[in-house]
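One line per chain: the protein sequences are A and B, in this order.
Here the first sequence stands for residues 1 to 260, numbered as in the numbering used here.
Here the second sequence stands for residues 1001 to 1254, numbered as in the numbering used here.
Source of the hints: derived by calculation from the structure; they are not laboratory data.
Incorrect hints may appear among the rest.
A few chain B residues that don't get close to chain A, going by computed Cβ distances all over 10 Å [unchecked claim]:
# : residue
1 : G1066
2 : R1121
3 : G1137
4 : D1174
5 : A1180
6 : D1183
7 : L1184
8 : R1224
9 : Y1231
In silico lysine-lysine, DSBU-like type, Cα no more than 30 Å apart, as pairs [said to hold, decoys possible]:
#  : chain 1 : residue 1 : chain 2 : residue 2
10 : B       : K1116     : A       : K49
11 : B       : K1019     : B       : K1220
12 : B       : K1073     : A       : K30
13 : B       : K1075     : B       : K1049
14 : B       : K1073     : B       : K1019
15 : B       : K1127     : B       : K1208
16 : A       : K30       : B       : K1075
17 : B       : K1228     : B       : K1128
18 : A       : K30       : B       : K1049
19 : B       : K1019     : B       : K1007
20 : B       : K1228     : B       : K1208
21 : B       : K1007     : B       : K1220
Treat the numbers as computed from the prediction; the structure is a model and nothing was measured.
Even for Gly, the Cβ is constructed at its ideal location relative to N, Cα and C.
Read off the chains here:
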Amino acid sequence: MQNPFQLIGRAVLGLFAEVGRLAVFAAQVKGAAFTPRWYGGQILSQMVKIGFYSLPVVGMSAVFIGAALALNIYEGGSRYGAEQFVPSIVVLGITRELGVVITGLMLAGRVTAGIAAEIGAMRVTEQIDALETLSASRFRYLYAPRFIAALVTLPMLVALADVVGVMGGWLVSVYGLGFDSTVYLRNTIDFVTMNDIIAGLIKAVVFGGVIAIMGCYQGDRSQAGATGVGRAATLSMVGAAVLILAFNYVMSTLFVEIGL
Amino acid sequence: MTVSLLKLEGVEKSFGPKKVLRGVDIDVAPGQSLVIIGGSGSGKSVMLKNALGLMTPDAGRILFDGQDVTNAKGKTREAMRARIGMLFQAGALFDSLTVWENVAFRLINSEGMRRKDAKERAIETLKKVRLGADVGGLYPAEISGGMQKRVSLARSIISEPDLIFFDEPTTGLDPITADAINDLILEMVRGLGAAAVTITHDMASAKKIADEIAMLLDGKIIWRGPAKDVYASGNEYVDQFVNGRAEGPIQPAI
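Extracted from the complex, chain A is given alone in its bound form:
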């Protein structure tokens, strides 16, 4: 039987090694993304795949989250006679937290796993080796376009989620809870600040990076046929989701500290 200290030591070393590999990979992707040469066609194509095709899932998620949030705040607020705070708490919750986190998590499922599966399949069918032998760097041709596209489209999707989420809250409040439409919208606009929106959009850029890099990283390391590709897709999605939640907490703390 193995010494438990050995097992713990091995697991900790393995974790450090994995974090190190991921950091080196992320630095290589960033280096390829911010220095020429850029493949414009690939970037545009990825913006469509990551951004445009995610519109339905992001919109649907945001409207239901906004609606549920309004209902719950109304229910909780009514215990203290504070129902009038529904519009302000809905807009604050959506812009600073829920809009961006829900968008990030939905894309971790839809985009990260898709990237990992696509690149993993390319890895196991030697397409990535073929790319390298044709003098095209996989970092420039495959990974940088996905990274750039995610960085650009995530804030757009989050902006949409913010609007649609607030609209979900408005719909439930006006048609279900008896709020006056004009008063609801006035309270929303008066309460929300530019800082709330900017905080969400900064998070969106970071989450975009996480979504693309986790998908590319796990796909690049994919091995052993269909099983390996499936494992890469699962690991990428779980890793991206955990990192999104962790970065969200760290950034929320930082924003509170600096008054953003």
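Chain B: place on chain A using the hints.
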């Protein structure tokens, strides 16, 4: 004295405790067709990936046209790869691109050629491997395995390389299609005057396309000689392999 176009000196490669290459020494002269035979798991593909720079050897040197490229990176590596073509075992065509875009990939993405001009070159090259212009607009998933090999061959020769690697070019093909691929390989390699390194365990293919044959066993080259001598090598390992006998010094990989 002719400088070897490609030379491997004492190349070793391990994966964890498993030693795959144990000091491979081999060289290819310009215009020469060398076929490397060997059983499954003998290290043929790993040797080829080291030669291409897709893997870095643990020990030994790789020289391309007299230049040490063992740890080459950046422009040196790109310059070397610009002179090399590669036909992968399963074709390795890019699923998301059409046939002509696959063939013209290097011209468009590495050499910066305009798409219109690159398409014309790709269609011309497809004709050389007996594929019509209509195939150019299809995706790899829409064509047969034999056609995929021909497209991959077209992709490997379009930039007129000095050296072409063929990884199991006839695996998975029926004998007639396999022979047609062998004919195309010969025609293309001779037409370009390029050197060729082919790894295979298909003896019909080896006899047809090789000037010389070498055998890789347990990570080492154990025999090399003219293709016509392979059936009279006097080496018991080579004899067993080329005659396809289960009995002998080599244990079947099952």
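Results for each hint:
1. Every C-beta of chain A lies more than 10 Å from that of G1066 of chain B, the closest at about 21 Å, which supports listing it as non-interface.
2. The claim that R1121 of chain B is not at the interface with chain A holds, since no C-beta of that chain comes within 10 Å of its own (minimum 14 Å).
3. No beta-carbon of chain A comes within 10 Å of the beta-carbon of G1137 of chain B; the shortest separation is about 18 Å.
4. No beta-carbon of chain A is positioned within 10 Å of the beta-carbon of D1174 of chain B; the least distance is around 22 Å.
5. Interface exclusion of A1180 of chain B from chain A stands, the closest Cβ pair being 22 Å apart, more than 10 Å.
6. Taking the minimum C-beta to C-beta distance to chain A, about 24 Å, the non-interface status of D1183 of chain B holds against the 10 Å cut.
7. With a least CB separation of 19 Å from chain A, L1184 of chain B remains clear of the 10 Å interface cut-off, as annotated.
8. With a least beta-carbon separation of about 25 Å from chain A, R1224 of chain B lies farther than 10 Å from that chain, consistent with its non-interface assignment.
9. The claim that Y1231 of chain B lies off the interface holds: its Cβ sits roughly 32 Å from the closest Cβ of chain A, which is beyond the 10 Å cut-off.
10. For the hint linking K1116 of chain B to K49 of chain A, the alpha-carbon distance of about 26 Å falls within 30 Å, and the restraint holds.
11. Our distance criterion of 30 Å between C-alpha atoms is met by K1019 of chain B and K1220 of chain B, whose separation comes to about 11 Å.
12. With a CA separation close to 19 Å, the supplied pair K1073 of chain B and K30 of chain A stays within the 30 Å bound.
13. A C-alpha spacing of about 19 Å is found between K1075 of chain B and K1049 of chain B, which places the hinted pair at or below 30 Å, so the restraint holds.
14. Of the supplied pair hints, the one linking K1073 of chain B and K1019 of chain B holds, its CA atoms being roughly 25 Å apart against a limit of 30 Å.
15. Taking the CA atoms of K1127 of chain B and K1208 of chain B, the gap is near 23 Å; set against the 30 Å cutoff, the hint holds.
16. Note on K30 of chain A and K1075 of chain B: the hinted pairing holds, with a Cα-Cα distance of about 20 Å set against a maximum of 30 Å.
17. At roughly 29 Å between alpha-carbon atoms, K1228 of chain B and K1128 of chain B fall within 30 Å of each other, so this suggested pair holds.
18. Taking the CA atoms of K30 of chain A and K1049 of chain B, the gap is about 27 Å. The hint holds against a cut of 30 Å.
19. For the given pair, K1019 of chain B sits about 21 Å from K1007 of chain B by alpha-carbon distance, which is consistent with the 30 Å threshold.
20. As the CA atoms of K1228 of chain B and K1208 of chain B are separated by approximately 10 Å, the hinted pair is consistent with the 30 Å bound.
21. With a CA separation close to 14 Å, the supplied pair K1007 of chain B and K1220 of chain B stays within the 30 Å bound.
In the structure shown, no violation is registered for any of the earlier numbered hints.
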